[in-house]
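Trainee: Note that the protein sequences, when read in sequence, are chains A and B. Going by this note's numbering, the first sequence wraps up at 420, each residue one higher than the last. Going by this note's numbering, the second sequence wraps up at 278, each residue one higher than the last.
Since the hints were made in silico from the structure, they are not lab data. The beta-carbon is built from N, C-alpha and C at its ideal position, and this holds for glycine as well. Incorrect hints may have been included.
To be verified - Quick list of the computed label-pair ranges, beta carbon to beta carbon:
no.: 1; chain 1: A; residue 1: 245; chain 2: B; residue 2: 219; range: 41 to 47 Å
no.: 2; chain 1: B; residue 1: 103; chain 2: A; residue 2: 417; range: 47 to 53 Å
no.: 3; chain 1: A; residue 1: 258; chain 2: B; residue 2: 8; range: 40 to 46 Å
no.: 4; chain 1: B; residue 1: 115; chain 2: A; residue 2: 137; range: 57 to 63 Å
no.: 5; chain 1: A; residue 1: 384; chain 2: B; residue 2: 13; range: 50 to 56 Å
no.: 6; chain 1: A; residue 1: 114; chain 2: B; residue 2: 176; range: 29 to 35 Å
no.: 7; chain 1: B; residue 1: 88; chain 2: A; residue 2: 291; range: 34 to 40 Å
no.: 8; chain 1: A; residue 1: 290; chain 2: B; residue 2: 113; range: 24 to 30 Å
no.: 9; chain 1: A; residue 1: 114; chain 2: B; residue 2: 174; range: 25 to 31 Å
no.: 10; chain 1: A; residue 1: 407; chain 2: B; residue 2: 175; range: 53 to 59 Å
no.: 11; chain 1: B; residue 1: 113; chain 2: A; residue 2: 173; range: 26 to 32 Å
As the list claims (entries may be wrong) - Short, incomplete list of chain A residues facing chain B, as computed with Cβ under 10 Å:
no.: 12; residue: 121
no.: 13; residue: 124
no.: 14; residue: 125
no.: 15; residue: 206
no.: 16; residue: 221
no.: 17; residue: 225
no.: 18; residue: 238
no.: 19; residue: 294
no.: 20; residue: 330
no.: 21; residue: 377
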Amino acid sequence: MFNLGKKKLVSYSKYGYLFAIPFFLTFLVFTLYPICYTLILGFTNQEGAIPPKLEILKDPLANFKYLFKKRSSGAMSYFLESLITTARIWIVNFIPQLGLALLLSAWFTDNRVKVRGQGFFKVVFYLPNIITAATIAILFKTLFGYPQGPVNDLLKNLHILKKPFNFALSKTATRAIIEFIQCWQWYGSTMITLIAAVIGINPEIFEAAEIDGATRWRKFWNITLPSVRPIMLFTLVTSLIGGLSMFDIPQLFATGGPDRASTTIAIYIYNTAMKKPYKYNRAAAASILLFIIIVACSSLLFYLMRDKDAAKLKKLKKEQLKSAKLAQKGA
Amino acid sequence: MATNDEVMRSKKPDAALGSKKKDSIIFLTIIYVVCIILAVLSLWPFICMLINSTRSSTQIMSNAVSLIPGKNLTRNINILKKLKTFDAMTGLKNSFIISSCTTILTIYFSSLTAYAIYAYEWKLKNAFFAMIMGIMMLPGTVTMIGFYRTCYQLHLTDNKLVLILPAMAAPMTVFFMKQYLEGALSLEIVESARIDGASEFRTFNTIVLPIMKPAMATQAIFSFVGSWNSFFLPLILFNKQKNYTMPLMVSLLNGDIYKTEFGCIYLGLSITALPLIIIYLLLSKYIVSGIALGSVKG
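Start from the sequences and build out the full structure, keeping to the hints where you can.
Mentor: Here you go:
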């Protein structure tokens, strides 16, 4: 019976190709070709509103070198600056986001106290994620308006501020608000993902720990955290990739300012390619570097996480062997 | 940060009291306080936006925080119409066309591709699937320059098809659909359809697709919302305002002519956010369970 089925599958293999063709062709035209083209552009002379005939530069790496060249003032290059800005905004948004999501997921899945209204909270916490980022950026810009704006008014009414504060002129405040928006938009999503992961843990493990008298904190630290690690890795990688290509919020909230304080890599690429003097080649070079950084970071994360797990398994096996040997000796 | 402090505080009475019931009550109170604060934080910007869209700019200037709606909604609508830059109807129409087409293409072709991987044995299958996994995470920023230059040279900027057609290759959705098929479709059903003489394509359309309905519904919501919210690609590809999608329209509210018309800005923002809020509240059940499904399987 099984053999018969397999035989038939093989004879139908051409349909496998046939049904995958639309995907493959679309991928070829709209993803693979643009990637290769970007890759080539990075080494060429393509710039200006009407670019000259495509030629590889005499020094093929000139565009890349420019990205790292110090400014005439001696300060670090704009590209590196945007890279650091991006990393900073992502890290400051992600740590509290993950912390909050972990805390909430532990609370919502606690088997001794039942939190009511979970459905409501989940829906509300996720709400900011579904709204257009462009809308949110401009909404926050208006909310943090100066001299009149809801946040300034609120802070004045609460006597936290005496005079209205111009958030848009402060580098730290602008970055902090962007970090807040990112965190605020995404912790709900991370939380829901983590809750699903915690629910997937075998409840018997928790029950056994409780019988042994484990506190809430110990259960969280020793059972929940290690069990949700693969999902945390997934969240970490997706968030990192999203964070590295962050564009909408810093662009519309502060147009990359003040004084380039919120210019992320994506904004740098956009400004380089789409604004005078239209340096497509330089922007392409920056895109390639971004691509390399993304691949490197994700691989590193996967490697680190997997290595730890494997190392733990090895340790466990060693211990088991040891105890088995001891038991043998004892016998 | 505050929440971490509260956890620490909850530890102390925990040890001191020892009584389980009291401990639970304190624990629950902390949970509710934190959750309510977070809920207010999530909702306040939107409530503020909706209320201020019904107030006049002068009212907002004198006091921007109010819990009572004003009576100037129609006045704001009229100003918004008069200023003309922000054209909600065009934005809604364009966004709707692009998002619907994108969703239909994504759902249909992702299902087809997933079925090709799941139901058939072919030589390049594993390589193909590995490729899908590899490009799944690639952000649009990376390919943007090459894509834009190609479209520009082919005079395809300001053409809606450039945003719609790429939807036929949506790796994330294919991955999700494949996971779903593995749990939901037994190949025996396909076999029996073959014995009945149905062609492969027909089998897919009449037997496999209906089985995939739940997965399609979830993925449809996410792909629609994703396409609706996308800002970067339309920003680069569309120059003419008649092609602007909703997020591009919203960005026009940043312009100088709206500088003092606060009521208008809030109204414009509300118009762009309300359809999403309504859809979300109606479908929240599917959306919330969909996020979890997609990621656990990833």
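Trainee: A separate judgement is required for each hint: does it hold in the structure or not?
Mentor: Verification of the hints:
Against the hinted window of 41 to 47 Å, the Cβ-Cβ separation of residue 245/A and residue 219/B comes to about 42 Å, which satisfies the hint. Against the hinted window of 47 to 53 Å, the Cβ-Cβ separation of residue 103/B and residue 417/A comes to about 51 Å, which satisfies the hint. Between residue 258/A and residue 8/B the Cβ separation comes to about 43 Å, which falls inside the hinted range of 40 to 46 Å. At about 31 Å, the CB distance of residue 115/B to residue 137/A disagrees with the hint of 57 to 63 Å.
Against the hinted window of 50 to 56 Å, the Cβ-Cβ separation of residue 384/A and residue 13/B comes to about 43 Å, which falls outside the hint. Roughly 31 Å separates the CB atoms of residue 114/A and residue 176/B, a value that falls within the hinted 29 to 35 Å. The hinted range of 34 to 40 Å is satisfied by residue 88/B and residue 291/A, whose Cβ atoms lie roughly 38 Å apart. Between residue 290/A and residue 113/B the C-beta distance comes to about 26 Å, which sits within the given range of 24 to 30 Å.
Look at residue 114/A against residue 174/B: about 27 Å separates their beta carbons, and that is inside 25 to 31 Å. Range check, residue 407/A to residue 175/B: Cβ separation about 55 Å, and the 53 to 59 Å hint holds. Between residue 113/B and residue 173/A, the C-beta spacing of about 30 Å keeps the proposed range 26 to 32 Å intact. Evaluation of the residue 121/A hint against chain B yields a held restraint, the C-beta minimum of about 8 Å falling below 10 Å.
Proximity of residue 124/A to chain B holds as hinted, the smallest CB-CB distance being about 5 Å (cut-off 10 Å). With 10 Å as the threshold, the beta carbon of residue 125/A comes within range of chain B, its nearest partner Cβ sitting at about 7 Å, so the hint holds. Given hint, residue 206/A at the interface with chain B, holds; its Cβ is 8 Å from that chain's nearest Cβ, closer than 10 Å. Interface hint status for residue 221/A: upheld, as the beta-carbon distance to the closest one in chain B is roughly 4 Å, under 10 Å.
Using the Cβ-Cβ criterion of 10 Å, the hint placing residue 225/A at the interface with chain B is satisfied: the shortest such distance is roughly 8 Å. Residue-level restraint check for residue 238/A holds (minimum Cβ-Cβ distance to chain B is 6 Å; threshold 10 Å). Nearest Cβ of chain B to the Cβ of residue 294/A: about 18 Å, over the 10 Å cut. The hint is violated. Taking 10 Å as the C-beta contact cut-off toward chain B, the hint placing residue 330/A at the interface holds, the least distance being around 5 Å.
Because the smallest distance between the Cβ of residue 377/A and any Cβ of chain B comes to about 8 Å, under 10 Å, the interface hint for this residue holds.
Violated hints, in rising order: 4, 5, 19; the structure is consistent with all others.
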